[in-house]
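Number of protein chains: 2
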Amino acid sequence: MKDNTDKKLTEIARQDDHISYKKVGHIPKRGIWHWFFGRPLASADAPHQTIGKAVGLAVFASDALSSTAYATQEILVILALAGMGALSLSVPLSIAIVILLIIVTISYEQTIHAYPNGGGAYIVARENLGEYPALAAGAALLMDYILTVAVSMSSGVAQLVSAVPDLLPYQVPIAVSMVMFIMVVNLRGVRESGVVFSIPTYFFVGMLFITLGFGVSKYLTGTLHTVTNPPEMELIGPASGLTVFLVLRAFANGTAALTGIEAISNGITAFKEPRSHNAGVTLMWMAGILTTLFLGITFISHAIGAVPSEVETVISQLARTVFEGRNTAYLLVVGATTTILIMAANTAFADFPRLGALIAGDGFLPRQLSFRGSRLVYSRGIVLLAFVASLLIVVFQARVSSLIPLYAIGVFLSFTLSQSGMALHWWRSSKLKGKKPRRAKLKPLQATHAHQALTFDANWLPKMIVNGFGAICTGVVMFVFAVTKFQDGAWVVLILLPILMAGFLAVHNHYKDLAKRLTLEGFKLPGPIKRQKVIMPISGVHRGTLNALRYAKSLSKDVTVLHVAVDAEAGEKVLLKWQKWAPDDNLVVLGSPYRLLLEPILRYVKNAADNRKPNEIVTVVVPEFLPRVWWHGWLHTRAAQLLRLRLLFTDGVVVVEVPYVVD
Amino acid sequence: MKDNTDKKLTEIARQDDHISYKKVGHIPKRGIWHWFFGRPLASADAPHQTIGKAVGLAVFASDALSSTAYATQEILVILALAGMGALSLSVPLSIAIVILLIIVTISYEQTIHAYPNGGGAYIVARENLGEYPALAAGAALLMDYILTVAVSMSSGVAQLVSAVPDLLPYQVPIAVSMVMFIMVVNLRGVRESGVVFSIPTYFFVGMLFITLGFGVSKYLTGTLHTVTNPPEMELIGPASGLTVFLVLRAFANGTAALTGIEAISNGITAFKEPRSHNAGVTLMWMAGILTTLFLGITFISHAIGAVPSEVETVISQLARTVFEGRNTAYLLVVGATTTILIMAANTAFADFPRLGALIAGDGFLPRQLSFRGSRLVYSRGIVLLAFVASLLIVVFQARVSSLIPLYAIGVFLSFTLSQSGMALHWWRSSKLKGKKPRRAKLKPLQATHAHQALTFDANWLPKMIVNGFGAICTGVVMFVFAVTKFQDGAWVVLILLPILMAGFLAVHNHYKDLAKRLTLEGFKLPGPIKRQKVIMPISGVHRGTLNALRYAKSLSKDVTVLHVAVDAEAGEKVLLKWQKWAPDDNLVVLGSPYRLLLEPILRYVKNAADNRKPNEIVTVVVPEFLPRVWWHGWLHTRAAQLLRLRLLFTDGVVVVEVPYVVD
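Respectively, the protein sequence lines represent chains A and B. FYI, the numbering for the first sequence is 2 to 664, going by our numbering. FYI, the numbering for the second sequence is 2 to 664, going by our numbering.
Treat each hint with caution, since some may be false.
[Stated by the list, open to error] Among the chain A residues that face chain B by a calculated CB cut under 10 Å, a handful are:
#1 22
#2 278
#3 377
#4 454
#5 457
#6 519
#7 532
#8 588
#9 589
#10 604
#11 605
#12 609
#13 610
#14 620
#15 659
[As the list claims (entries may be wrong)] Have a look at the derived ranges for each label pair, beta carbon to beta carbon:
#16 587(A) - 114(B): 49 to 59 Å
#17 557(A) - 585(B): 47 to 57 Å
#18 24(A) - 585(B): 17 to 27 Å
#19 578(B) - 652(A): 18 to 28 Å
#20 650(B) - 186(A): 30 to 40 Å
[As the list claims (entries may be wrong)] Each computed SDA-like pair below joins lysine to any residue, with the alpha-carbon atoms no more than 20 Å apart:
#21 554(A) - 531(B)
#22 432(A) - 458(A)
#23 558(B) - 21(A)
Worth flagging that the hints you see were computed from the coordinates, not collected in a lab. Since we're looking at a predicted model, the values are computed, not measured. Every residue gets a Cβ at the ideal spot worked out from N, C-alpha and C, and that includes glycine.
For reference, chain A alone in the conformation it holds in the complex (with noise of 0.2 Å):
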C-alpha cells in the first residue's frame, strides 16, 4: 500500500469516532511456501526503476528475435511439399516478409508515440474502435501468449535434442518440465534486473551474427559446403505441386518472425524518458536486427541445402555446416537459441498475467485475475498460462509444425485491430484543429475507465497513411493466413476466439447485473429485527447439542429443538434424555417412516419462516461435528453440512453453525 494512501486512511479514522485504522505488518510464517516462491513483497515494494535503451532491448526483444529459430524452417517444411526444388523459394518469401516486418515496425512507432502510457491493441482498440474490438484484441492476445510460451518451448526442446539426439524420446516431459520450472521463477517474480535478460539475448544476437559472418565470407570464398548428412526429410502432408497456396501457405508460417514486434508497444512505462522517443529507437533496433538475422539465416540455410526435420533443427544444421562439426561454437550457437526460446516463453509470462489483469480489471475476465499474489505478481495468471500451455505441448507432442498453423493468426487479427485503430485516432485528432483536446465519444468499457483526451496532430494525415497502410497489409495476411492454414488447424482459433469474446460478455453482464442488485443508490434499510425464531435440528442429546442449545437461548427465548426420529427405539431414547437434561426446553420430535432426514427438518424451517411476522427473523442453529483427523470425517455422516447449504438458499433464514470439535 503506498504511503500516502496510508496517511488519508489514517486521517479519515483520526476524524469519526467509529472508525479506527490500523496497519497490519504481520508476515505469516509458511516455511516450504516461502522457500519455494519466496518472502511475501509488501505492497509498496513494486518496482518503479526505468530502465534504457540498451536493457530495454534485452528485455523486450527476446520473444521477437527468438522466433528466427523457427519461421525459416517453418517456410521450408511447406515448400518440401513441392519437391526439393521448391526450397529455394524460400529466400524471395523471407524478403516479402521482411518488407510486411517493416511495414508493421513503422506503424507501430507512431502508436507508441500516440500512447506513451502503454498502447497494446487492446488499449489501442478499446481507445479508438469500442468494446466488440478490444475484446477481440483481447482474446487474440491472450491465445497468441499461450502459444508463445508452447510454439517457443518446443522449439527450444527441438534445438536441445538437435544437439544431444539421445534425448529425443523426452522431448515432451523435458518441454512441460521447462514450463513449470518458468512458472515457478515468475510466480517467485522476476526482477527485470535487466542483465539477467541481456546477457542471454545480445549473447544470442553475438552468436548469431558470428555464425552467419562466417557463412557468408565461406560463400564469398567459395569455401561452403552442403550439409554433410542431412537429417531425412519428413514431408508434414501430402506430396503437391507448387501451386500459388503453397506458396501462400509458407508465407503465412513464416510470419511468425513478426510475433513479438507489439512486445515494445505494450511496455513503454518501463523506459527512461523521453519515454517514447526511447521505445521508438528501441523499437527500430529490433527490427533492423531481426530482420538480419532472418534473412541471413534463411540466405545460408538456402546455400547449404538445409532441409527441414523435426530430427534435428534448421539452425543446428547451419551451425555445424559453417562450423565444421558439432564442436564448442556449435554448441554455443544451439544453446544461446535454446536460452533465447525460453526468454521467449518467459516474456508470454509477463505479457499473459498482465493483459488477463487488464481485461479483468474492466470486468471481462474473473476479477481474481487483476489481484496480486504475495510476491506482487498476478499468480493466477501465470498458474492458467503454464497450465494450458502445458496441455497445448502434449496434445501437440511439442511438435513445432502442427503448432504453428495455430500460432501467428491471432497475432495478425490484433496487429490489424491496432492499426485500424491507429487509422481512426488520426482521422478524429484532425476534426480537433483548432478545437480544445477532447475525450472519444465511444462508450466506455467500465465506470471506471475514461477515455484518454485526444489532441490535434498537424501530421495526422501522413500518420494515418501508414497506419492505414498497415491495416490492409495485416488484415490481408490475416486472411490468406486464414484461409491457408485452415484446414492445418487455424479453424480452431477460428472456433475459440468468439467463444472466448462471448465468456469475457457473460462474465461482464453478470459483475454488471451485480453491481446493480448491490448498489445502495436509492436504497432503504429496513427497519431493525425485533424477533427472533431459532430453531435447532439435533441427531442425539449428548455435550455437543447441550453447548449448542446454551447458545441458542442466548439469542431469544423462542427456541425450538428438532429431532427427526428415523429410528423409533433412537428417537425414544433421545426423548428421554432430553426429559432428565433439558426438561424446560421445547423439543419437536419428527417421525420419518421412510427414513427422511433432511426433508422433514427443511419443511418444518421453511414453514416456520413462511409464517414469520415482519421484522422477524428464523436462525437455524445447527450443532456440527468437526473432526481434527480428515478420514474422521468419512465416519460421520455429512448431515449438518447438507442442511446447511440447503438452509442458506431458504429465504428469511440465516443459518448458525455451533461446532464441537472432538479429536
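Here the structure of chain A is known, so what remains is to put chain B in place on it, guided by the hints.
Positioned in the frame of chain A, the structure of chain B alone reads:
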C-alpha cells in the same frame, strides 16, 4: 417405524408439555430416481415372512452349487501343468474335496442348532473367541464376498462366451455391466419371493442332473465320445513335474467348490419354525446335491478328456459332447449355468451389506453402512461391493484362473475360526452341568451387545470332537492353500487381512473415544451465555453487507465491523461509504500491506476470543455471496468460505452465515 414404538413416542410426548411428536408421512417426489430405484419404502414395510425347506434351498444354495461350474476346471488348470496324463488325478482329488465337504457340513449342522438366531463365522467367533478372531472372520468374509462377485461373474461370462465366441473380446465390459445391473436390482431391494430364486436354481440342478445322467448312461453303454475340436489347452504357468506341491495346489484350487456352504448358517432366521431343524435339513440336501454334481462333472469331464481353457469352459465342452453338438439342450445347460452364477453373485450382494451392517453396528466400520436406504436395503454396502468387485474384474480381466488364488482362503479362515469357536462353545457348556445358563465371560464387543446365554449340552463331547476335527481339517487346508497359492496371489489376501483388521480397530477406537467425550455422565452444564461479542468482516459496503449488519445488530449491541484494506484506494471508498450509510456503527479498518485477506481477520477474532469474559461468546457474522448459477462462483473469491472453515476450529467462536442470494 414399527407401530408399537410409534405409540410409545406419542405417549411420552402427550405427558410432557415441552415435547411434541408428529409423524411425517411425506414421500418426496424425485421422478427419474424413483423410476430407476423404486419408490421409497416405509420402515414398517420390512418383510417378515419365513420360508420353507424347498424355497430355502433355492435361496441359499445358488452360491454353493454354482461353484461346481468352475471347481473342476480349476483343478484341471493346475494339473495340466504336469501334462495331459496328470489330468486323471482330478477324480481322486474331487473325492478328497467331497470328504472335506462332508466334514464341514456336519460341523455347520451343529452350529445351526447351537445358534438358531444366526450362526455366521463372525457371530460364532464373537461369541466364543473374542474381538480379534471375530474381526479376522469378518474381514475374511467381506473379502470373500467381493471375490464371490468377481469370480462368479467372470465364470458366468466365460460360459456365455463359450456358447457365443463372438463375445470373447467383450468379456470385461459384459461382466462389469452385469455387476452394475445386479447392483441396481439390489438397490431397488430384492423381495425374496422364493419363485424368482427357485426357478433358476432348480432349473440348473435339473439340467445338470439330466446332462450327467445322459453322460453316465452313454459311458456305461460305451457311446460317450471324447470332446471334438477341443479348445487349445493354455498353460497358466511354466510346465512342471507331477510334484506333491502341484497336487496340493490343484486340491487348493478345487476347494473353491466349498464356498457358499456357510450361507445357510447366516440365514437361519429366514426359515419357518422349527427353524434350526429346517435349516439343518436344507443344509444336508444342499451338500448332497453339491457332492453329486461336483463328482459327476469331474468324472464325465475326465471321461470325455475335457481340457481347461479360457476360451471354452469345461461345462461347455461337457454339454456339447454329451448332447453331441451345440443344440438346444446344450444351450439350455450353458444358459442355466450362466444364470446360477449370476444368482451366486446376487447372494453376495445380500450377504456383504448384511455382514457390513453387523460389523458397523458393533462399531468397527463406518456407521453409515448400518443405515438402510429409501428401499430398506443397506445401499452403501451394495454400492461399495459393486465398485470393488468391478475393479477386481477389470484388473484381472475377468479371468477366473487369475482370481481363484485369491478366492476361498478367506472362506477357509472363517471355517476354521467358526469351528474352533464351536469346539470351545461345547467345552464351556460342559462346565455348566447342573448349573443355570450363563453368559460367556468374554468382553463384549460393544456396550449394547450382550453374549448369548450358554446352556449345558449332554452330547458336548461328540459335538466338540466333530467341530474340533472340522477346525483342524479346514485349518490344514487353509495352510496348504496359503503356501501353495502364495505366489499366485494369496499373498495379497494375507497382507490385506491385517490391514483391514487394523482399519476396523482404528474406526472402533474413534467411536469409543467420541462416545467418551460426548457422554453426559458427570457433565455439568455451564451457566447461560450472558454477553455476545459480534465481529463482522466485510469486503465492501453494499446491500448485502448492510443487510448482514442489520442481523448482527439484532444479536448484540457490541458489534464491530472489520474491513481489510488490501488496496488503499478501495479502502478509502469503503470508509467514505461507511460514514454515509452506517455512521453510528463501529468499523475497524486493517491495512494489509502484504495483501493478506484472511490472516488479519483470523488474528483479530482469535485475539477477541482469547480475551473474552466468562460467559461471553464471540459470534462472527459472515456475509456470504451466493450465486445461483454454478459458474458464477468462479467469478468471486471464496474468501467467505475459507474464513468460515478456519473460524470453525477457533475455540469460543460461533460462525453465522448471512447469505445474500443475488442472481
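Verification of the supplied hints:
Look at residue 22(A): its Cβ gets to within about 4 Å of chain B, closer than 10 Å, so that hint holds up. Checking residue 278(A) against chain B by beta carbon gives a least distance of about 31 Å; that is not within 10 Å, so the hint is violated. The interface hint given for residue 377(A) is met, as the beta carbon of that residue sits about 8 Å from the closest beta carbon of chain B, less than 10 Å. Here the hint on residue 454(A) is broken, as its CB sits about 22 Å from the closest CB of chain B, past 10 Å.
Checking residue 457(A) against chain B by beta carbon gives a least distance of about 33 Å; that is not within 10 Å, so the hint is violated. Restraint check, residue 519(A) versus chain B: the minimum CB separation of about 4 Å is within 10 Å; hint holds. Interface hint status for residue 532(A): upheld, as the beta-carbon distance to the closest one in chain B is roughly 9 Å, under 10 Å. Interface hint at residue 588(A): satisfied, since its Cβ lies 5 Å from the closest Cβ of chain B, which is below the 10 Å cut-off.
Interface hint at residue 589(A): satisfied, since its Cβ lies 5 Å from the closest Cβ of chain B, which is below the 10 Å cut-off. The restraint placing residue 604(A) at the interface with chain B holds, with a minimum CB-CB distance near 7 Å, inside the 10 Å limit. Given the 10 Å rule on beta carbons, the hint for residue 605(A) holds: about 9 Å separates it from the nearest Cβ of chain B. Interface restraint check for residue 609(A): the shortest CB-CB distance to chain B comes to about 14 Å, outside 10 Å, so the restraint is violated.
Given the 10 Å rule on beta carbons, the hint for residue 610(A) is violated: about 13 Å separates it from the nearest Cβ of chain B. The beta carbon of residue 620(A) comes within 8 Å of a beta carbon in chain B, closer than 10 Å, and the hint placing it at the interface holds. The interface hint given for residue 659(A) is met, as the beta carbon of that residue sits about 5 Å from the closest beta carbon of chain B, less than 10 Å. Checking the proposed 49 to 59 Å range against residue 587(A) and residue 114(B) shows it holds: the Cβ atoms sit about 53 Å from each other.
One distance hint, 47 to 57 Å for the beta-carbon pair residue 557(A) and residue 585(B), is violated here, with the actual separation near 24 Å. Hint check: residue 24(A) to residue 585(B), Cβ distance near 25 Å, so the stated range 17 to 27 Å holds. For the hinted restraint 18 to 28 Å between residue 578(B) and residue 652(A), the CB-CB distance of approximately 26 Å keeps it satisfied. At about 35 Å, the beta-carbon gap between residue 650(B) and residue 186(A) stays in the expected band of 30 to 40 Å.
Annotation: proposed proximity of residue 554(A) to residue 531(B) holds, straight-line Cα distance about 10 Å (limit 20 Å). For the proposed pair residue 432(A) and residue 458(A), the alpha carbon gap of about 10 Å is at most 20 Å, so the pair holds. For the proposed pair residue 558(B) and residue 21(A), the alpha carbon gap of about 18 Å is at most 20 Å, so the pair holds.
The structure does not agree with the numbered hints 2, 4, 5, 12, 13 and 17 stated previously, though it agrees with the rest.
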